Amino acid sequence: MSEPRTLVEKIWDAHRIPSGSDGPDLLYVDVHLVHEATSAQAFDGLRLAGRTVRRPDLTLAVEDHNVPTDSLSITDPISIEQVARLRANCAEHGIELFPHGDARQGIVHVVGPELGAIQPGMTVVCGDSHTSTHGAFGALAFGVGTSDVEHVLATQTLPMPRPRTMAVEFTGTLPPDVTAKDLMLALLAEIGANGAHGYVLEYRGAAIRGLSMESRMTLCNLSIEAGARAGMVAPDEVTFEYLATRPRRPVGKDWDEALAHWSTLCTDPGAVFDRTVTLEVGALSPVVTWGTNPGQAVPLSQAVPDPAQFTDAAERAAARRALEYMALEPGTRMRDIEVDTVFLGSCTNGRIEDLRAAAAVLRGRVLAPSVRMLVVPGSMRVRDQAEQEGLHDVFRAAGAEWRLSGCSMCLGMNADRLSGPRRCASTSNRNYEGRQGDTARTHLVSPAVAAATAVAGRLAAPADLS
Amino acid sequence: MEPLTEHTGRVLPLRRSDVDTDQIIPSRFCRRLTKTGYADGLFARWREADDFVLNDPARAGGSVLVAGPNFATGSSREHAVWALRDWGIAAVLAPSFGDIFRRNALKNGLLAVQLPDAVVSGLLDAADRDPRFLVTVDLLACEVRWDGGRQAFEVDVRARRLLLDGQDDIAVTLADGDRIAAYERGRPHWLPVFGPARAG
Numbered sequence: 001m002s003e004p005r006t007l008v009e010k011i012w013d014a015h016r017i018p019s020g021s022d023g024p025d026l027l028y029v030d031v032h033l034v035h036e037a038t039s040a041q042a043f044d045g046l047r048l049a050g051r052t053v054r055r056p057d058l059t060l061a062v063e064d065h066n067v068p069t070d071s072l073s074i075t076d077p078i079s080i081e082q083v084a085r086l087r088a089n090c091a092e093h094g095i096e097l098f099p100h101g102d103a104r105q106g107i108v109h110v111v112g113p114e115l116g117a118i119q120p121g122m123t124v125v126c127g128d129s130h131t132s133t134h135g136a137f138g139a140l141a142f143g144v145g146t147s148d149v150e151h152v153l154a155t156q157t158l159p160m161p162r163p164r165t166m167a168v169e170f171t172g173t174l175p176p177d178v179t180a181k182d183l184m185l186a187l188l189a190e191i192g193a194n195g196a197h198g199y200v201l202e203y204r205g206a207a208i209r210g211l212s213m214e215s216r217m218t219l220c221n222l223s224i225e226a227g228a229r230a231g232m233v234a235p236d237e238v239t240f241e242y243l244a245t246r247p248r249r250p251v252g253k254d255w256d257e258a259l260a261h262w263s264t265l266c267t268d269p270g271a272v273f274d275r276t277v278t279l280e281v282g283a284l285s286p287v288v289t290w291g292t293n294p295g296q297a298v299p300l301s302q303a304v305p306d307p308a309q310f311t312d313a314a315e316r317a318a319a320r321r322a323l324e325y326m327a328l329e330p331g332t333r334m335r336d337i338e339v340d341t342v343f344l345g346s347c348t349n350g351r352i353e354d355l356r357a358a359a360a361v362l363r364g365r366v367l368a369p370s371v372r373m374l375v376v377p378g379s380m381r382v383r384d385q386a387e388q389e390g391l392h393d394v395f396r397a398a399g400a401e402w403r404l405s406g407c408s409m410c411l412g413m414n415a416d417r418l419s420g421p422r423r424c425a426s427t428s429n430r431n432y433e434g435r436q437g438d439t440a441r442t443h444l445v446s447p448a449v450a451a452a453t454a455v456a457g458r459l460a461a462p463a464d465l466s
Numbered sequence: 001m002e003p004l005t006e007h008t009g010r011v012l013p014l015r016r017s018d019v020d021t022d023q024i025i026p027s028r029f030c031r032r033l034t035k036t037g038y039a040d041g042l043f044a045r046w047r048e049a050d051d052f053v054l055n056d057p058a059r060a061g062g063s064v065l066v067a068g069p070n071f072a073t074g075s076s077r078e079h080a081v082w083a084l085r086d087w088g089i090a091a092v093l094a095p096s097f098g099d100i101f102r103r104n105a106l107k108n109g110l111l112a113v114q115l116p117d118a119v120v121s122g123l124l125d126a127a128d129r130d131p132r133f134l135v136t137v138d139l140l141a142c143e144v145r146w147d148g149g150r151q152a153f154e155v156d157v158r159a160r161r162l163l164l165d166g167q168d169d170i171a172v173t174l175a176d177g178d179r180i181a182a183y184e185r186g187r188p189h190w191l192p193v194f195g196p197a198r199a200g
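If you read the sequences in order, they're chains X and Y.
Following the numbering used here, the numbering of the first sequence begins with 1 at its first residue and continues without gaps.
Following the numbering used here, the numbering of the second sequence begins with 1 at its first residue and continues without gaps.
Okay, chain X solo, but in the shape it has when bound:
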């Protein structure tokens, strides 16, 4: 009988090509996702070296980072140039592209899964750190830089040392008002923004089994914020049911064959992880960030911490700096923090489930007069689905902006940026200094908290609204 293996090890072994040189093994890449912001230099590199794309048929391109979400025509000259370059590169190499304006366009990490192109046991790579999202399907998925994008285009492989493995065990039952976003913010607060440095995480426990695919994607998406290389959830009936209706799934006998393989993709009893972290979830409540990295988070019911209470000197200094940037005083109740902007969207929380959760809170309510709220669906398909369900009417009636799909205000690269020291409750993934605008202040929240906050004008949970 063979040694018991973790899920990560099974996928690793199935994609490993021993190298003829003395370096690490090559990892074969099943799907390479490409977007306009990190690929131009990679295609140039190929051209300069006289190389070509080895497997255009395993490559899918999307325009998302630098496109407008208020208009189907791009007017920003740099965006036009970036997008034109991606289109030319895709045309030259025969790569399938979902351009801005296409009914299938959206954020790359929303589009791949909803196509059914991301399947259990696969390896997925993209020039974007939130590629960890795809681990929700039991795939090994991670972000890379532009040099590695070029390497994958040219060879469909990456030389990689075998990663260390970490089990994240969620014990207990998730309370009904606690979402995957809260779960991850709580984990980040517990282990820190570098607490899983270099590991591939496997999220485990009954609380995970009860999560939808959308929630699992939120969970895995935020793995990178703990410094992890990737995060994953072993596939189960929830995964198979999600895939069963997707356009790019295997069909007929292929489906049966694929399903038989997918069903073997779990960590064997007795397999050993390099490290295990356990988090009891039964007593959790909604979590929000107070600082400038995603690990600087507390329950919404608590107050801004006092930096003096941190025992670690580096953490103390970081907390002081964060509070200065965020213009917050220790001891201020999180619920007393007023915001002027709410952003609902991103590869973290821009899926249909997220829009439904926010709309459920906003139905029959209006935004606080001081608040601007942007609703940016994660893809045009999500947008269509939401409109079929009438969610756009709920958002508009409440006074929110119903926009087109893209990365938008998650990263401040496109026109959706905050000017001046605005304070934003955001369903995105990074509250770094300047992330949403040069002096903008970001509080990371779940979609439900985002919606309640938009109504209250200050950080709030749905239960706080009368």
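Quick caveat, the hints were computed from the structure, so don't treat them as lab data.
Be aware that one or more of the hints could be misleading.
[Unchecked claim] With the Cβ distance kept under 7 Å, some of the chain X side facing chain Y (calculated, not the full set): (1) Pro24; (2) Leu60; (3) Gly94; (4) Glu96; (5) Pro99; (6) Ala117; (7) Asp128; (8) Ser147; (9) Ala189; (10) Ala193; (11) Thr245; (12) Ser370; (13) Arg372; (14) Tyr432.
[Said to hold, decoys possible] Partial selection, computed: residues in chain Y whose CB lies under 10 Å from chain X: (15) Asp22; (16) Cys30; (17) Arg32; (18) Gly74; (19) Arg179; (20) Pro196.
[As the list claims (entries may be wrong)] Here are the in silico distance ranges between beta carbons for each label pair: (21) Y:Gly200 to X:Leu72: 37 to 47 Å; (22) X:Glu338 to Y:His189: 54 to 64 Å; (23) X:Pro161 to Y:Arg185: 24 to 34 Å; (24) X:Ala283 to Y:Pro188: 41 to 51 Å; (25) X:Asp57 to Y:Gly61: 48 to 58 Å; (26) Y:Gly61 to X:Ala283: 47 to 57 Å; (27) X:Pro18 to Y:Gly195: 23 to 33 Å; (28) Y:Gly61 to X:Thr439: 48 to 58 Å; (29) X:Asp22 to Y:Arg185: 21 to 31 Å; (30) X:Ala49 to Y:Leu54: 30 to 40 Å; (31) Y:Pro196 to X:Arg396: 50 to 60 Å; (32) X:Glu338 to Y:Arg187: 36 to 46 Å.
Just so you know, these numbers come straight off a predicted model, no measurement behind them.
Backbone N, C-alpha and C fix where the C-beta goes; we use that ideal spot for every residue, glycine too.
Using the hints provided, position chain Y relative to the given structure of chain X.
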């Protein structure tokens, strides 16, 4: 790439932890289509403060950045490496790095070297006292040296060999082309494929 064996330069002390790549280069500077021209964006927001280390005339020309733990966490943007390189930084020493950044750095000949906490603290203190404090990063010997001390470090085997020999990363992998092709013949036929003319 030219072979790279060691670098000696003055230390730029950056006594901060969790410096994310959005600080190293804000996204609005990441919209170019080239691999060069990013020096203007390096720490663009922090450089607005006169007392920021890169603005210190006594430290002009410093080329070894020494920083706190979890340096260059966050976004995968290789622009962070390009900006550091364009500014004239040849090495970054820290107790830990964002994984993607460290890979990106070594691919561009920027020596991102992980050192023990206490060693980094010592180097920061020394640089605080003396703006002309010099450090050598020796990739051949895998050690960092300074007046009165040395510290061994570990580095990715392949990245080190590529840098020392000035070899091309992709060319080395393509030498394994037959192995890759053999692997491809054994992949399950039902795995997804894409194509420009596909609908749905």
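Against the structure, the hints come out as follows:
{"no.": "1", "hint": "Pro24", "result": "6 Å, holds"}
{"no.": "2", "hint": "Leu60", "result": "5 Å, holds"}
{"no.": "3", "hint": "Gly94", "result": "6 Å, holds"}
{"no.": "4", "hint": "Glu96", "result": "4 Å, holds"}
{"no.": "5", "hint": "Pro99", "result": "11 Å, violated"}
{"no.": "6", "hint": "Ala117", "result": "5 Å, holds"}
{"no.": "7", "hint": "Asp128", "result": "6 Å, holds"}
{"no.": "8", "hint": "Ser147", "result": "4 Å, holds"}
{"no.": "9", "hint": "Ala189", "result": "14 Å, violated"}
{"no.": "10", "hint": "Ala193", "result": "6 Å, holds"}
{"no.": "11", "hint": "Thr245", "result": "12 Å, violated"}
{"no.": "12", "hint": "Ser370", "result": "26 Å, violated"}
{"no.": "13", "hint": "Arg372", "result": "21 Å, violated"}
{"no.": "14", "hint": "Tyr432", "result": "4 Å, holds"}
{"no.": "15", "hint": "Asp22", "result": "4 Å, holds"}
{"no.": "16", "hint": "Cys30", "result": "7 Å, holds"}
{"no.": "17", "hint": "Arg32", "result": "8 Å, holds"}
{"no.": "18", "hint": "Gly74", "result": "6 Å, holds"}
{"no.": "19", "hint": "Arg179", "result": "5 Å, holds"}
{"no.": "20", "hint": "Pro196", "result": "5 Å, holds"}
{"no.": "21", "hint": "Y:Gly200 to X:Leu72: 37 to 47 Å", "result": "21 Å, violated"}
{"no.": "22", "hint": "X:Glu338 to Y:His189: 54 to 64 Å", "result": "57 Å, holds"}
{"no.": "23", "hint": "X:Pro161 to Y:Arg185: 24 to 34 Å", "result": "26 Å, holds"}
{"no.": "24", "hint": "X:Ala283 to Y:Pro188: 41 to 51 Å", "result": "44 Å, holds"}
{"no.": "25", "hint": "X:Asp57 to Y:Gly61: 48 to 58 Å", "result": "49 Å, holds"}
{"no.": "26", "hint": "Y:Gly61 to X:Ala283: 47 to 57 Å", "result": "55 Å, holds"}
{"no.": "27", "hint": "X:Pro18 to Y:Gly195: 23 to 33 Å", "result": "31 Å, holds"}
{"no.": "28", "hint": "Y:Gly61 to X:Thr439: 48 to 58 Å", "result": "31 Å, violated"}
{"no.": "29", "hint": "X:Asp22 to Y:Arg185: 21 to 31 Å", "result": "25 Å, holds"}
{"no.": "30", "hint": "X:Ala49 to Y:Leu54: 30 to 40 Å", "result": "34 Å, holds"}
{"no.": "31", "hint": "Y:Pro196 to X:Arg396: 50 to 60 Å", "result": "36 Å, violated"}
{"no.": "32", "hint": "X:Glu338 to Y:Arg187: 36 to 46 Å", "result": "55 Å, violated"}
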